[in-house]
Amino acid sequence: MNELLERLQRHFDVNNINVLKPGMTTLKIGKDSAEILIRELRDREGYTHLNFITCIDYIEDGIFTLVYMLHNYDSKHTLGVHVDIDREHEEMTSIHTLWAQAWTYQRELREMYGINFPGSPRLDEDFCLEGWDQIPPMRREFDTRVFSEERFGHREGRHSEVPRVHMKMELYPKRGGDEE
Amino acid sequence: MTLSTGHSAALDFAQPEPPDLSSGKYVKLWQGPQHPGITGNMSLELVLDGDTIVSCKTHVGYLHRGFEKLMERRSFIQNFTVVCRIAVPEPTFNEYLYSHAVEEISGIEVPERAIWLRTMNLELMRLASFLMWIGGQSGAFGQYTVPNWTLAYRDYVLDLFEEMTGARIYHMYIVPGGVRAGLPDGFEERAREIMKGAEKLLDQIERVMFNNVVFKARSKGLGIITPDMVDPYGIVGPNARACGLARDIRKDEPYLAYDRLDFETISGNEADAYGRAYLRLQETRQSINLIRQCLDHAPTDGPFQADMPNVLHWKVPAGETYVKAECTRGEYGYYMVTDGSEFVRRVHVRGPSYTHAIAVMERLAVGTNIADIAGLMVSLHTYPPEIER
Amino acid sequence: MIKTLGTEDTLENAGLTDEEQQLFSNARPRAYEPYPIKAVEDFANWARANSLWILAFGTGCGAIELRPLMTARFDANRFGVAGRPTPRQSSVFIIGGYASVKTLKRIIRSYEQMQGPKFVIALGICPINGGMYFDSYNTVNRFDQYIPVDLYITGCMPRPEVLVAGIMELQNKIKAGRCDGANRYVENFDWYKANQKKVIKNWDMPDYNW
Amino acid sequence: MNLRDLLSPFFVWQRAFEKPYTSIRPTIDRPGAPAYRGFHINVSEECVGCGSCHSICQNHAIDMVPAAEFEGRTGDSGLRPRFDYGRCCWCGLCVDICTAASLRMSNEYAWISEDPDEFHFTAGVDDKPWQNNEHGYRRAEGYHLYPPKRIEMDMLSPDESVQSFEEVARGYSEAQAKLEADRCVECGICVATCPAHMDVPDYIHSIRDGDYEKGLQLMYRTNPFPATCGRICTRRCESVCPVGILGEPVAIRWLKRFIVDQVDAKDYPRILNDQIIESGHRVAIIGAGPGGLSAAYYLRKKGHAVTVFEAGETAGGMLRYGVPSYRLPDADLDKDIAYIVSLGVDIRYNTRIGKDIDFEQLLQDYAAVFLSTGLSVPSNMRIQGEDHARVLSGLQVLADVASGRDPGIGSRVAVIGGGNVAMDAARVSRRLGAEVTILYRRRIADMPADEEEIHESQEEGCNIVPQAIPVEIIAADKPQQVSIKWGEAEMVQDPTGGRPRPVLQEDRMHTDTYDCIISAIGQGSDLDFLSKENQQQLAIEWGKFTPGEYQQSALQKVFVGGDVANRTADAISAIEDGHHAARGIERLLNPDGFTATQTDNTGEPA
Amino acid sequence: MNTVDEILDYAIDQEQQAADFYEDLAGRVEKGGMKEILMEFSAEEQRHKQRLLAVKSGEHELTPEQEVLDLKISDYLIDVDATDDISYQDALIVAMKRERAAYKLYSDMAEKLPESHLRKVILGLAKEEARHKLFFESEYDERVLRDN
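Residue numbers (my numbering), protein chains in the order written: chain A, 1 to 180; chain B, 181 to 569; chain C, 570 to 779; chain D, 780 to 1385; chain E, 1386 to 1533.
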């Protein structure tokens, strides 16, 4: 395992290497060399299985972290490749030529986060949503509850009391708390 | 047939040119979402030349509820009730993987008894799921006897779930920290009784369904997956094992009590619909065997839940993990990222159907007869809700 | 081609292209009028109640319990219930729990294609008040806003036993002539349509399909 | 194709002779499993309406609604869960979290209706067919969603503790406090029960967040004696804490103490940031105990010039003289008092009303007077020989020790009484090296003292003799000794009701000799400083004031509070009396700007 | 005092005297709140009197056989004086001592008499006084000895 990481560090600008548990490591790489690294891992290092591609929205840092989870069946090792991309310029190299299912993930990320993967097939077709007219829903600034209430509404006639407020009103309305 | 799984340059998974519909040569046909020959609620956009498919596009999203978004605004305990809904026929794998991911990040050690109960729960689920699948596969080829048997018998397994967990479909039994209860009185005897009946039923099914000239004729040669397709297409589980790859997470990277159970990975050598179905039949039998072993070994007393913090304001430390388990369809995985708050930062659910129903299906469908498309679909064993989540 | 009625009381079908306008009717749905002789109507209702054909469209989780219902253990066939592959042959639409917006569109289309008299059973909590997905951006919360529902069965999921009970309840309602969901749909057609169009943003189908 | 494949399917006929799968009457023959998670049942009498079910429900399916017939019980919010079966997913988390174990599930599952608005019900209140169902899901033994046991406080061992007056309870470490704070379910029932209505859930929340400064701010909103109450509060909050129904209540007092211990006294002004704008009014306070100083604090915050008249040498009242330093070290009491004084409160020590200054004078000189003189006169036993020189009062012993004087108790001591003063006197005597016997007329279970105090005094070697009625004090042979004649008592149920009463058994009398007898059977008020007319006007009952709204007495300018005006006679009640009187005085002095508090900063969980 | 009526008249007179005693004391006390308490004592004695009047007119029966709980509190407490600044505790002691004395008087009287209707009435009066004593002793036990 260490040899692999050393090899990768020699050839690529990988950082933030994080051994999560035996059999699983994550590392971070720049956006531009990610595709080459992944191709290298697939063709030379035995990471032939793409578990998934996903994205984490770090809205406070202004980045999307793309996660490519690769698995090596021989060494039984999973390697997570993290790639940070700018939230404002959400674009990433497509890897649809490496795995047959990759374009599906990319299509999902396009829909759910609005990330562009130039060249990825059927990228702009609807995937899960249909007629979506809001910002991509998985982005953290999208508040699903507010949206649901506005668009779909809820049945009326519900009301709940907070025990401590209710008890105050019932038992000691003039006491407790502060006048400030 | 060689068992190379490397990426051959010849393997081309570029998108085919869309057929020219205006030529009048082709017919476009939607199979689903409202269609009896579709698994779950999804649809296939087929283009036919005569009754041969020349192009297939899978459409999903009819069951999209935005689980991953909903989980980001529910607390860690609340999420455990939500996750089981991600794969309706097989909820407990979600429960286990979600709980396991949370436990791994927060360093909770699950007691021994809970480990065995979880294993048994997952194997019962596998049995129930396979029984339903067998019925589905048989029904997709027009035989309606076997579904009546297996779905009714699956109900007996659901009765066991009801006793064990308090619910038929959404068990919500495996909770972060352990399980919610021990086994009720007399469960073991009833479970063994049902296992016995299930074995008998499987024998009958083998005669009626697998040794059936019609079934053989329709399923043999249908939807062949070659070993060199497996990795490029991300094929896992029985679909991959049927073409000879002995890959089973239960054996290769054991979780729960699987390292203490006596079983071998089953792999086949015919990667067509028949081969896959037969492999699944074998795995159903294996599952019955594993359930028996769990009944033998599961401790009957001791704690079944680890010491837990107050779940009302449970903060899980910042961390990241990917956990996976072998469900009936292959590698089911949960990728979880936490940031130290009361809510999860990101959960990604990796369902095996994601590749099977889209990339694999779209390729295998081409050249297939329209009448076999339902059989092919079922033989890949896909559950739409785990694709779109 | 169905002729254009040319009166004021026609549907706009604004979601269709000019070419498609010619392919679909623009007539409004018509309410069902009971037979003037009560005995005849009662007989018709009795017959309807005992041949409930369910549209095989598993719209959500609820579909999982329809399979046990239709197979050997619960054997709904003995109640005159059968699954049909197409809306044109079906009289009962079972909404299997939550409906995503994408599915809702297909539900509306399937429902409108069903021949009257037709009935809708909503399973589970989600059609009542959003259920587990009350805060989801992609599922509707109150199903009665979009399609008239004759019977709600709560539960998550409702068990096959209670589905049987629900079917029997529906039969009683039909026999008593109280299942007027389809007529409600006709009478409040504009209201339903407005609600539907409020959530379905890419309305590219005729306003009423039949 | 082979022949076998052609024939084999006909095997299906074998099934014709087997038992069919079909359930004949599915709706009748198939109840849910015994542990099925069906419709909810709530035992309303056991439910305390804490709302934990509401908090944990991810579907927002549970509303807490008022249920009239169960209102008014202590530790019961009067709310009951109302379920929306258009939301509920029958996960059963509400059952798992239910603090009172009143909520469970039946094994019934059928509810069919044509009206979607019908699927609501208040469990245990609305009549439902399943409410008497015996089966259904309930929480398994040994399964918890919050830790039922509290984090033990480190204590000095009894052997160590009797050696000195060092504080016995050592305080929580940060890790311990966070674990204990984690157990709170944030229902807020304690808020209603606390006499001062302290915002307990929120300051406990601040511990979880590690924001002790915010915790301190929250506490000072209702209580300017957090360091004191964090040690010696009678903690009625803990007696109603729902977590205590099935497990042990949250250690609210220790958590309060933890917050104060984390904040340095010199940071108080910065953190509390009390801005004072002088109002020009002058208010007099009689008694520098917890009630008087609490009033002084809140009045001072309103900008009034406050003068406190104290008969003793130092401030703190009963907290100083009545509570031994192993329970409340002087330094911690001083931490509270020093902050109040630092706001510009003028305390005049050694000033006795009626002697040094006239009450009438105060009424003339000040815009309002708050009177909280406490209970300072020890009660008499009224038995023969009680005026013997070796019969000491418990209060006197405690006061002597607190002031550093030797109370001269000797080496064998009998303490008479079962209240906190008796326990304190006994434990103080142990620390002074004496061998202690406690005589109490009823059973140990009847003792009004804190259970913890009783337990600790026993651990420290005090011998408690229950059901012992003192009958006579007799002079002993030696002048520095004294004998007590006491009789055993039988507990007899009073036919007219009430708790069992002790009845002296004349045939079982004992006489023992001790170096001294400490009588600690209660205290009364000393209101002699008030003129006869004042006493009439102020409406005194059973030696206590009966205050009206906002602690106002029958005299408009006079407000009363503390032990001399309430039945509970503990520090936290006195503190609230002071706070409430401050509100009343504010209303009197500034009627236009006054608004009664009607809301609290309690947000609904998101 | 040989007839039933005579003895009842005596007893009624005693209750009236007690009521007067408390009323008189109430007029003299200075301590706030004590006046009301003593007036309440006086009213209690008036109630006793009404009860005996009812016995005399035959509306009520005395119950000599009924056992009355004896808390014996007044037995060992010292005598106190009914001064102007009497405390609540002392007022109770005065009251129960008075009731105890009456109880003693009647029971001693009954002891000397042979078995007769008169004896029964006197015993009944003794029990009546014992009940009054219990009233004040319970009050003492409840309020004064609350912490004890």
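Any given hint could be a false lead.
[Said to hold, decoys possible] Straight-line Cα separation of at most 35 Å, DSBU-like style, residue types lysine-lysine; simulated pairs:
{"#": "1", "chain 1": "B", "residue 1": "Lys396", "chain 2": "A", "residue 2": "Lys31"}
{"#": "2", "chain 1": "A", "residue 1": "Lys21", "chain 2": "B", "residue 2": "Lys495"}
{"#": "3", "chain 1": "A", "residue 1": "Lys76", "chain 2": "B", "residue 2": "Lys237"}
{"#": "4", "chain 1": "B", "residue 1": "Lys208", "chain 2": "A", "residue 2": "Lys76"}
{"#": "5", "chain 1": "B", "residue 1": "Lys380", "chain 2": "D", "residue 2": "Lys798"}
{"#": "6", "chain 1": "E", "residue 1": "Lys1434", "chain 2": "E", "residue 2": "Lys1482"}
{"#": "7", "chain 1": "A", "residue 1": "Lys28", "chain 2": "B", "residue 2": "Lys495"}
{"#": "8", "chain 1": "C", "residue 1": "Lys744", "chain 2": "D", "residue 2": "Lys928"}
{"#": "9", "chain 1": "C", "residue 1": "Lys767", "chain 2": "B", "residue 2": "Lys237"}
{"#": "10", "chain 1": "E", "residue 1": "Lys1457", "chain 2": "D", "residue 2": "Lys1134"}
{"#": "11", "chain 1": "D", "residue 1": "Lys1264", "chain 2": "A", "residue 2": "Lys174"}
{"#": "12", "chain 1": "B", "residue 1": "Lys495", "chain 2": "D", "residue 2": "Lys1134"}
{"#": "13", "chain 1": "D", "residue 1": "Lys1336", "chain 2": "B", "residue 2": "Lys495"}
{"#": "14", "chain 1": "D", "residue 1": "Lys1257", "chain 2": "B", "residue 2": "Lys376"}
{"#": "15", "chain 1": "E", "residue 1": "Lys1457", "chain 2": "D", "residue 2": "Lys1264"}
{"#": "16", "chain 1": "C", "residue 1": "Lys742", "chain 2": "B", "residue 2": "Lys208"}
{"#": "17", "chain 1": "D", "residue 1": "Lys1114", "chain 2": "A", "residue 2": "Lys174"}
{"#": "18", "chain 1": "D", "residue 1": "Lys1257", "chain 2": "E", "residue 2": "Lys1434"}
{"#": "19", "chain 1": "B", "residue 1": "Lys495", "chain 2": "D", "residue 2": "Lys1045"}
{"#": "20", "chain 1": "D", "residue 1": "Lys957", "chain 2": "B", "residue 2": "Lys396"}
{"#": "21", "chain 1": "B", "residue 1": "Lys380", "chain 2": "A", "residue 2": "Lys21"}
{"#": "22", "chain 1": "C", "residue 1": "Lys744", "chain 2": "B", "residue 2": "Lys237"}
{"#": "23", "chain 1": "D", "residue 1": "Lys993", "chain 2": "B", "residue 2": "Lys495"}
Please keep in mind that the hints were generated in silico from the structure rather than gathered at the bench. Here the structure is a predicted model, which means the values were calculated and not measured.
Quick rundown of the hints versus the structure:
1. B/Lys396 <-> A/Lys31: At roughly 50 Å apart (the allowed maximum being 35 Å), A/Lys31 and B/Lys396 break the hint.
2. A/Lys21 <-> B/Lys495: 21 Å, holds
3. A/Lys76 <-> B/Lys237: Holds, because 33 Å separates the two Cα atoms, which is no more than 35 Å.
4. B/Lys208 <-> A/Lys76: 44 Å, violated
5. B/Lys380 <-> D/Lys798: 13 Å, holds
6. E/Lys1434 <-> E/Lys1482: 18 Å, holds
7. A/Lys28 <-> B/Lys495: 26 Å, holds
8. C/Lys744 <-> D/Lys928: Violated, at about 60 Å.
9. C/Lys767 <-> B/Lys237: 29 Å, holds
10. E/Lys1457 <-> D/Lys1134: Measuring from Cα to Cα gives roughly 41 Å; hence the hint is violated.
11. D/Lys1264 <-> A/Lys174: 51 Å, violated
12. B/Lys495 <-> D/Lys1134: 61 Å, violated
13. D/Lys1336 <-> B/Lys495: Between D/Lys1336 and B/Lys495 the Cα gap is close to 52 Å, so the pair fails against 35 Å, i.e. violated.
14. D/Lys1257 <-> B/Lys376: 92 Å, violated
15. E/Lys1457 <-> D/Lys1264: 15 Å, holds
16. C/Lys742 <-> B/Lys208: 41 Å, violated
17. D/Lys1114 <-> A/Lys174: 29 Å, holds
18. D/Lys1257 <-> E/Lys1434: 52 Å, violated
19. B/Lys495 <-> D/Lys1045: 33 Å, holds
20. D/Lys957 <-> B/Lys396: Measuring from Cα to Cα gives roughly 65 Å; hence the hint is violated.
21. B/Lys380 <-> A/Lys21: 43 Å, violated
22. C/Lys744 <-> B/Lys237: 45 Å, violated
23. D/Lys993 <-> B/Lys495: OK: D/Lys993 and B/Lys495 at ~20 Å, within 35 Å.
In this structure, the earlier hints numbered 1, 4, 8, 10, 11, 12, 13, 14, 16, 18, 20, 21 and 22 are contradicted, and the remaining ones agree with it.
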